[in-house]
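Assembly of the complex is requested from the two constituent chains, each provided in isolation within its own frame, with the hints serving as guidance.
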Amino acid sequence: MRFHYSPKIYILILALCLGATGFTVARLASAANYQDSQPFRVQSSRLAPLQPYLANAPKIGYLTNVSNENDAYTRLYFPTQYVLAPTLLVPLQMNPDVELVLGNFTRQEDYKAIGQQHGLELVQEFPMGVVLYRRAQGAKP
Amino acid sequence: MTFVLTVFSILVAMGVGGFASWCMLCGRWPKHPIVENGLCVALAFPLGAGVISLLHFFLLPLGMHTPWLALVLAVALSAIAWPFRGCWRGDDPDAPPVASSGMPHFPWQLALGMFSGVVFIALFLSALSIQREAPHGAWDSWAIWTLRAKFLAAGEPFWRNALDPGFGLSHPEYPLSTSSFIAWGWKLAGDTTPLLPRMVASLYLLSLGGIVLCALTLLRGFTQASLGMLALLSPAALITVSAALYADVPLATTLAASSALLLLSYSTFRGEAYALLAGVLAGLCAWTKIEGLIHLIAIAFAVVVVSFLSPRVGRYARTRLIAFAGGALPLAAFIALFRMVLTPVGVQGLANGSDGLRWLQLADLGRFLEVIRTGTKMLYEMGPWWAHPLLFLLLPLLFLGLRSKALWSAGLYVIGLAWLLICGGYFAVYQLGAAEAGPMMINSLDRLLLHPWPMLVLLVFVSIHSPEDLAIAVDRHEAKQKGRRTKAGLAGNATKDSGPREPGPGRGKGRLA
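Protein sequences, first through last, are from chains X and W.
Take the first sequence: its position 13, counting from 1, is numbered 13 in our numbering, and each next residue is one higher.
Take the second sequence: its position 179, counting from 1, is numbered 179 in our numbering, and each next residue is one higher.
Because the hints were derived from the structure by calculation, they are not lab data.
Yeah, the Cβ is synthetic: ideal placement off N, Cα and C, and Gly gets one too.
Heads up, a few of these hints could be off.
As the list claims (entries may be wrong) - A few chain X residues facing chain W, derived, Cβ under 8 Å:
no.: 1; residue: Y34
no.: 2; residue: Q35
no.: 3; residue: Q81
no.: 4; residue: A85
no.: 5; residue: V123
no.: 6; residue: F126
no.: 7; residue: R135
Unchecked claim - Output of the computed footprint for chain X on chain W, the stretches with three or more beta carbons under 8 Å from beta carbons of chain X:
no.: 8; region: 70-82
no.: 9; region: 160-166
no.: 10; region: 173-181
no.: 11; region: 426-432
Next comes chain W alone, as it looks inside the complex (with noise of 0.2 Å):
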């Protein structure tokens, strides 16, 4: 029985995620319908248990224990996505919501899909393998995030324990993402089953590769999507990561998921569905660990730059602005809420921890080269030499070329920022941080370098061409008669870029098919 209702408290979750964002993105008229549906597959999960887990921490301290009352809310929140399906649909003909038709059109397209696809199972079960062997994770997992879970799943009084000073050691401030959910999954099974965890975490993992998959496949093609699966599990990391039940990967798959959101976002006529849900998931991210707080904060800041200061600024971009916000302004009161009034007094704020940044180390040149050394040998044990992952975005990049600037959307230019904003937060924090920057690194930087990983595979396999755009079609018989040869690839990319309209790289009757 109790393998049964952990079960169905994933399933319960996932159908909550899955038919919002199936109401929002796909509604009554997929245009791809394989891929959206896939996608919205592969958000149900994040977005389910992210918003259950919300709404199960905030009822504790109503004294609203059971996980009944989350489950109702979180169904009544989904149902209101219901009027909306197909609202924000791209109806207008000339506008086909996505840049690519996205399915393979060759034997070749599909092996590599297949092989990308074997890789992934194999890694998944390899983190199975892993899991069975440690079912209660490593460190983080039973001195953080399972261990809380087990304070929140048993109930007055002891679920403030999660967030009593005296569990100072095991940082009371965190968020509760993982831990709220696999408490609330924990109620309803009743019973504190290991098997929860485990189940979060590979659904997470899964997720991620979805996402990937999926929104790569409808922003740049198939062929594109399996090579940048390839690059997305390179990092030797991400699998160990995972099987450990830390909350890294939840955090890598949520901004992940928000990133391809945003990214589809700007691609697509109206694409308001795509920034709300976008925004939902940034805030989630805040939700998920404490680094989601920059996530969050990087994301917005980029999002409302892009709007404001794009040269190519437009109304579209203001209305995927205030749709951005609107999902996730909620969720930063929420969290706001979290952090300034449920967290013990000493650790509120956005500082980590009670001893919190020290501004004077900001003119630290020693400090400074150490975390540049540390950052640089970290980054190169992401992988062995000759299948380092960063070899996976740069060799697509030499070989296949950066797609002409014109053809940039707006999306890649918010996630560009973000990217880029995240990036020297976490550096921010190894300058200013109170512990000496060396071991901090060496404890954390590991597990760091995976949330902003797949948001880069996105933006490096958005920006440049693919396979497709450089080939070349030769009509049989008169290659025969005069050889000519015409390229077929490129026929649509001398079209300027107009954010929602852009038209994609050979898409359409300029595309292979």
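Pulled out of the complex, with its shape left as it was, chain X reads as follows (with noise of 0.2 Å):
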């Protein structure tokens, strides 16, 4: 017995290896070029000398010089989360009972005077925009 098929079963199998071809040598190419958009190397770098102070810290208040209407604002904050989980970090904004609050800046200022305005005392002033902070005496949340 001998089978035969329709030449459209033919034509249909070659035009969907030849799309299948098409697509994976596009992705295997996309794929070689592909780039990490947020290299955690560096907020690691940024963030380590903050991590002996969190240790035990459930949760830290977050200040910021980046308005939270703004893009910044979340591309700033998720990944320091992310380099300082499991310590939660909650905006001020949102009035956290903490003692402890990171401050984390894109811009060098006044970074102490900016702690005042919100009742913080600050701890430590790490490089590139890192700031430690903890609530003053008899302020509250």
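So this is what it looks like as structure tokens:
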């Protein structure tokens, strides 16, 4: 017994195989050129000196100079949160009941003065805009 | 040691899921051992990881943080399946369990299968290459899924951060399947290695391919399954989203598993075991991503409707409904507990986020048109025009044609209705959501389109003829003399469909073998 397939079956299979070859080659090329948009090495080294201070803190406050209506806010917040997890960073505008507050700044400013505006006293200033604050005596969240 | 324990955590999950599905689906006498055991292997990880993640998470509020307890409970749960092995087999000699003998008959079928396999392996390797470049994945991975895994892995009191209202930027109401499983694996390994989320993402992708391949082979034969694999892999986002370590591919895999098992359930003599596992996996959809709630509701609704309203309703459909409910209800109860009790006040219930749904927007024609316009644009952008995913469905549909409706099993109606409901649900979310429709769709629709895609592939390739159906068998000697031609493939198709006894096209003696 022999079996014959209609030419349209061969055309169909050929078309699908050609299409699949095309998209496979395109995706292999695209994967080869892929670049990580968020290399965490930079954030990890930037935030590394802060880690010993947060070892037992389940949550700390979060203060930044970037407006939370700006996309840059989340672009700064989430990588920082990811590196510092499992400590939770709660934005100060949510009035968290926390002792320590992380200052995460994109430019050099008078960090002490910024802290005072929010009832915070500066504990330690680290390189690249990273600042650790503590709630000032008597200050309420 | 970390690597060994990481691999161990994966193997344990696969062992738990694989053993349970093997007992339920294959048991003592698999009719098509390679394909049926292959299906069990493909189901192993989604099932095992889903159940372990659920157990691990719900032990946390009880103060039980050790990963070994979740492991012991998962092993005990899978052991419950042991006495039932083979109980639901189709042991009626006239009713083989599936519609097709499955395996390839001709070298070119094998070549097509190998080609599909090479495409899959090449794309899988491209996903691994992206993962190597970005080991922490992309935005949603480190802003939601892996981040929450870090909270859950850290023990008391850190795990509560995953549900803290202060975590509002990152959706504390989202389900935790992948996060909880990764946290469990990290605890077992004793280290938060980024290798584990990468392995989880890769295994879900492999499982997706395996489930579609094995289910289509069982339902419609190997050639159809090979063509279905090409269609499955055609969306451009599949590989990038998988490599980004998002929960979308795990959700698509779980939904595909539930759909495939339902299709098999209604095409199989005594297919209650398939329906039971389909129910469990439908429940796990709702535990994987918030969209999974829509999937669970849609599939459950479709099973109920077809069981009671199908013109060909029979007792077998009702028994499948009971089995499906038996699998889905316990998980639905856990998910209700999670949504109603454990998630922060303000984001509880079914509404996504504190903004919820705005029902008055139902009549907003401008928004409706924007949803349609953006949806069409993004559908078009699923792939290049010359290899667009829809072409991989439309061309087989055009060239092979739909099978007679008399051959459609009730499972096709269930999955077809569920697919429509899921698409309708997604449309409703965009139409009624609080955020602006256009940006919301641009941010999410490419990923959302992946969820029901494997389901659509299954639907199309089960509903159309296979190339074998349309083959013409020619007797060499008679052909020389008379040029006689007989249609072999459709020989068995004139028989009426009767659900579990559905005779597949060309099955048995009528087949090409």
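Consistency of the hints with the structure:
{"no.": "1", "hint": "Y34", "verdict": "holds (5 Å)"}
{"no.": "2", "hint": "Q35", "verdict": "holds (7 Å)"}
{"no.": "3", "hint": "Q81", "verdict": "holds (7 Å)"}
{"no.": "4", "hint": "A85", "verdict": "holds (4 Å)"}
{"no.": "5", "hint": "V123", "verdict": "violated (21 Å)"}
{"no.": "6", "hint": "F126", "verdict": "violated (22 Å)"}
{"no.": "7", "hint": "R135", "verdict": "violated (16 Å)"}
{"no.": "8", "hint": "70-82", "verdict": "violated (count 0)"}
{"no.": "9", "hint": "160-166", "verdict": "holds (count 5)"}
{"no.": "10", "hint": "173-181", "verdict": "violated (count 0)"}
{"no.": "11", "hint": "426-432", "verdict": "violated (count 0)"}
Violation of the numbered hints given earlier is confined to hints 5, 6, 7, 8, 10 and 11; the remaining hints are satisfied by the structure.
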